[in-house]
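Undergrad: Given chain A, put chains B, C, D and E in place with the hints provided.
If you read the sequences in order, they're chains A, B, C, D and E.
By the numbering used here, the letter at position 9 of the first sequence is numbered 9, and the numbering carries on one by one without gaps.
To convert a position in the second sequence, counted from 1, into the numbering used here, add 254.
To convert a position in the third sequence, counted from 1, into the numbering used here, add 643.
To convert a position in the fourth sequence, counted from 1, into the numbering used here, add 954.
To convert a position in the fifth sequence, counted from 1, into the numbering used here, add 1189.
Keep in mind that the hints were calculated from the coordinates and are not lab data.
For every residue, glycine included, the Cβ atom is placed at its ideal position computed from N, Cα and C.
Treat the hints with care, as some may be off.
Claimed, not checked - Lysine-lysine pairs mimicking BS3-like chemistry, simulated, CA-CA at most 27 Å apart:
#: 1; chain 1: B; residue 1: K631; chain 2: B; residue 2: K331
#: 2; chain 1: B; residue 1: K480; chain 2: E; residue 2: K1466
#: 3; chain 1: B; residue 1: K395; chain 2: B; residue 2: K421
#: 4; chain 1: B; residue 1: K631; chain 2: C; residue 2: K665
What the hints assert, rightly or not - Covered stretches of chain B, as calculated for chain E (at least 3 residues, CB under 8 Å):
#: 5; region: 296-303
#: 6; region: 469-479
#: 7; region: 487-498
#: 8; region: 537-543
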Amino acid sequence: MLLQVRNVTKRFGGLTAVDDVSFDVPAGHIKAIIGPNGAGKSTLFHLISGYHPATRGTLTFEGAEITHLPMHEIARRGIARTFQTTSLFSHQTVLDNATMGYRMHAATNVFDALLRTPRARREETESREAAYEALRFAGIAPLANRIAGSIPQEAQKRLAIAIAVAAKPKLVLLDEPVAGVTSEETVEHAELIRHMANEGYTICLVEHKMTLVMGLADSIVVLHHGKKIAEGTPAEISADPAVIEAYLGAATHA
Amino acid sequence: MLRKVRVAVSSAVIMAMASTLGATAQTPDTITIGYTGPLSGGAAAYGLDVQHGLQMAVDELNAAGGVKVGGKKTTFKLVSLDDQYRPPNAVANAKQLSQQNNAVIVFCPHSGGILAMQAMNEKSSPKFLIGAYSSEPAILKQDNHLTVMTPPSYDAYFKPFIGIEMKRFGKKLGLLATTSAYGKAWADGFRKAWEAAGGTVTGDYGVDYNTTTDFSGAVTKALNDKPDVMLVGGPSQPTGLVIKSARNQGYKGGFAMMDQAKFEQVEDVAPIAQLEGTVGIIPFKDFGPGVGQFIPRYNAKFGTSRQANAEVGLNYETMHVFAAAIALANSTDPAAIMAKVERAAKSLPGTYRIADINGLSKTGHLLIRSVAAVVNKGKFEPVPVPFTE
Amino acid sequence: MRRVLWIIAAAVAVAIPFLVPKTFYLQIVAGAYITAIAVYGLNVILGYTGLLNLGHAAFFGIGAYAVALLETKAGWPFWPALLAGCAASVVLGAMVGSVSLRTRGNYFAIFTAAVGVMIAIVFTNWQELTGGNIGIVNIPPPPSIGPLAFDGDVPKYYLVLGALALTILICRLVRHSLVGRTFVAIADNEDLARAAGIDVARVRLTAFMLSTFLAGLAGGMFAMYNGNLGPDQTGLDITFEQLLYLVIGGIGTIAGPLVGTLVLVGISHELQGMQQYRFLIFGPLLVLLVRFFPLGIAGGFSRLTARWAAR
Amino acid sequence: MLEIKNLGVRYGAASPALEGVDLTVRPGECVTLLGANGSGKTSLFCALSGLIPSTGQIRFEEREIGRMRPAAIVALGIAQCPEGRQLFPDLSVEKNLRLGAYVGRRDRRGTEAALERVCTLFPDVRDKLRSPAGALSGGQQQMVAIGRALMARPKLLLLDEPSLGLAPKLVEATLDAVAEINRAGTMVLLAEQNAYAALSIAHRGYVLANGRVVLEGSASALQQNELVKKAFIGA
Amino acid sequence: MHLFFQELLNGLVVGSLYALVALGLALVYGTMQIPNFAHGHLYMLGAYVAFFGVTVAHVGYWPAMLLAIVVLALVGVVLERLVFRPLRNAPEVNTIIAAVGVLFFLQTLAQVWFGGDYRVFPTPYDKVVHFAGLVATQQQLIVIAAAAVLMVALFWFLKRTLTGATIEAVAQNRAGAALVGIDPNRVSMMVFAISAGLAAAAATLIASISLISPSMGFTVILKAFAIIVLGGMGSVPGAIIGAYILAFAESFGGTYISSNYQDAIAFGVLVLILTFKPTGLFAKGT
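Just chain A, same shape as in the assembly:
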């Protein structure tokens, strides 16, 4: 099992955003986490990636506990993530963005930079190649020299994925990868995510667009008010009465 989430709880003041959630993500899997707004999906991602510390529970990645590690350490273990509102180094070039994704694999320090050591030169080349590879993977290599903040919204979303891919992670957390994207583009994005899975990345995604989720996910976890209310294949989930009620409300007329 690549990632194990066990009894994870997060409280902010009086509010319990994530309440005793457990699930597993096997290697090579696409796992979707769905639920209405405010259900705690993004918070769950924040816990896995170390952005927030969990109040209770444990997170295990490749058999090692990562619950209390700082965010950058978790990333170094092989968990990459994107953010809900597309988060980029928006004043840097697209290429530099992707380079930063690979940055943790390079050990270059100030002295290497000043003395132009062989290591600095080698890593410079490596980073550049890794970055280009990630950009090609995401289909935005032609934009490499543009400033990230100035490229189209859809390309920015691809760049966010490219940064994650450049980190050469084992697990990628995608937080609403297609929010605010038109339906045609959504289809293309679904292909990109599928491509990632085919390349061997394990994926965990939070998404609202059901068409995308149902088409992609191997299995789905449904959160509601911070609690896991269902888990299963897309077919199982769409037939689950608890899920339908959570989404459509108590007055189910349909």
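TA: For chains B, C, D and E alone, coordinates are given in the frame of chain A:
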């Protein structure tokens, strides 16, 4: 491409700066007197006083037709540069004044700048005379033969001050001077002299007069040890506040006041009644023979909004000494002028004698007779201060 | 093309002692170079990582006092003293940085301002060591290396120019390296940098130490060049002045610190008679710049030239 | 009556958040706005309240309000209970409510009456008047937020996802309260994810997707619509 | 023991001054997150306005204070409108840089207009009062009392009036405030007016026991920052408590430790606090 513009800009600036070089060539019939001092920033008032004194002397000399050098009537020109009280700026200014304006003498009214200028003047050329307005003894110890220091060394005051205060009020001294370098040096010297005269010191309660808002705290602490005499001093007005605060808190003893504080300004804050028993340098109007005529001339030129004081007067006097020395030397060579300063000082006409001068010490100190005063029954009584060296 | 223009600028700088017969002018330019080195240091922390270190001048002071004291009191020659001065500044930078970098934004600025003022108070009050307000005078020049003597305005000018060139080289190399790109990336988006496995605290500390290194270098050169030193070079107002040069020259650019310093020192010198009044212009200018022209001269020109190039 | 024609909103260079939106709320109506996250509901509300600039026409009671400042729009009678509540957490509940009546502050008696009405509508709020708003539970804060909007005595009430983060029982209670407010004569524009619950109290509804209106109709028609079903549960 | 109480009284005077200056800084920071480095210079300007009110216009002490408050309130409004409002959405650092620009300008303006001399502010309340073995001048007692009155008045305004509540509303949630019909820009101007007015009042009060000079702002501003960090950036009661704590620390530190490093105490306290609590004391959790 973008670098091109950047570089173009920087080189344009360099060129612009370079082009100013040739702009001012010296006209042979004027002698430039340089001045670098604080003309902006917190000490600007002080710097302007010095400048006014020099300007007044220069204008008077020119009005009288200047001096004769090499058989030719020569006038003076004062060029002032701001150094914001910073020694490195003073050195840069001195270099500029000497190299660009061909200044023969450069005046500077702060010890840091003077010491730095002395070091620089040893090495660079052309050489110039330094008109040092500071009572820092270290200036005289540099063995620099082109420095003329004007104000009396502060240690000259120790003996007369201690004599008066110890006799009148008692042997216990509290130190409440400002914590500037000058203030600390003063307090240290005074403490040693006091102890040598058989007194005791209750403690050091010094605070920074420039940044302290309310002196009550420091005064309370000092008074708690019941001193008979307190050493106070720093800028005049804060010194007044310290005295006033001590009197308000019931202090009946005496004050020895550092020479940085001037009675006429201290009086703006602390009325004469509160100054009873205070010894300090005499108010400017009683300085010496020339003051009586000087003050009306000064007021006519610069107005009455700023009173003439020791800074104005002594720099005025020093400038006249230098002018006379130039005439005697019949040259603008700094060493030649320096050789005549002593004679010039001794023969200075009474109208220019703000304070009495008795010549020049070997170390370059003008032997100006400073006069102290003690407030006795609401009146300033002169106290003679011996010449130092 | 760019390289050619830098070479031209360097050639002009090298030629200045031959173009100008009087050394006071060299002193002004060299003074500007020294300030520019410190401003480059400020640029590393503010321009690259977006943190305003208001105690910057205090680190300049650490470097300067270390050199001055080691030379005058311990009898060290200049070169080891300079190395020690830079090291002292970096070590103190590491100490202050490891604590202050836990704060952000305004807190960081206020924290560093307080540290800076405290250091300046120590310089002023520890008279036995620092000479108080008078400071330290008669700091000896660097010893000769073979026939090369450094006791004179022209050789000293070249030393300072060398230090400036080294500084610009350091900034260029670092800025374009992976390290420098990480600095700006963190300033741009801290959370994403963390998510990419970057140890943000460590990288920030690196930038802070590099910044204080340059401040220390500038301080050491200052002590050497002027031969005297006082606490008034280390106060908050000096940091403010350096900030002014940086903002006008262009925050975050390679040419900005030099251009801003030269332009303002040049203007200040040309306006000698207006010394008192110049901040009546510079103050509002600063406000207008951050509002309308936050990239300063260098940034503004690079934007303009980019527009020309796009045509 | 609120009439929106060809409304557009754009943040920077990105693709528009809203484009060509037409929408009306007639007197006495409760209209619901459905759509997934990021479909443009909140942008629409912000544009209506004047918090963000927009293109096109927004007319309220025959007046163009598209360029007005937020304060002027509130004064005209459009109050919003925004997403995320936007309460003043350290101020007491009472002060939060009284600030809701800021535009009508000269009418003291009206303010007192409005306060009384809010307390009657939400009895829980009356017990908490002295507590800081931030110390209340999510449901109670939602009540305060709606109450604060009502304090302005609006003619049109904008509610942006009032059920967000509330327990199912509270969702029902909240929507019941909205229905009651609407029955008392206030026009309501309600954004909801909880589609069926919202449609059960609304007269009409619009469905937004990617910043455009993709569907509109009566509440009952929308309840039966397959597209709505699909959009929300992907079935 | 007498020493202790006398120093307590002295600390109270200085604390009252610090409190009034820090309050204005805290109010502006709390409402708009602007660290106004020029605040000390507004205080300095206020002292000069009052000084000229008394010595040139001969309007008397209290009217001069009122004049200073009004003039500085206007200056505050102008600053908000011309300098700080346009930078609302700019990076925090830009706001500091702009404040430094204002500081440069005001400092130079004062020097050029008023000269660098110390000015002595005439006070009508120069008598010495003795009670319980303690000594104070009337003016010192007035500083303590007037500061207390002003603080109570400000508290009453913030807590008991609807207009005051709008300030807290804007501080806590600017968007929420706009949604209830409050104009946040007008509130910002009002806050700057109050902040500068308080500084002017503080300056007039203290000027008559101290001296006036163009550099008086510089010495007080960093202490004021130390105070508001101590009190939790932007908290009004925190600023008041912080001011008295710092004043007593200085007063007793100067008395029982060393007066030479008295000025360093404030900054030492500030550095210590931020070392152990990087977001300041009493900071709200995020």
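Undergrad: All hints are to be evaluated individually against the structure, with a verdict given for each.
TA: Here is how each hint holds up against the structure:
{"no.": "1", "hint": "K631(B) / K331(B)", "in the structure": "violated, 46 Å"}
{"no.": "2", "hint": "K480(B) / K1466(E)", "in the structure": "violated, 43 Å"}
{"no.": "3", "hint": "K395(B) / K421(B)", "in the structure": "violated, 33 Å"}
{"no.": "4", "hint": "K631(B) / K665(C)", "in the structure": "violated, 60 Å"}
{"no.": "5", "hint": "296-303", "in the structure": "holds (count 6)"}
{"no.": "6", "hint": "469-479", "in the structure": "holds (count 6)"}
{"no.": "7", "hint": "487-498", "in the structure": "holds (count 6)"}
{"no.": "8", "hint": "537-543", "in the structure": "violated (count 0)"}
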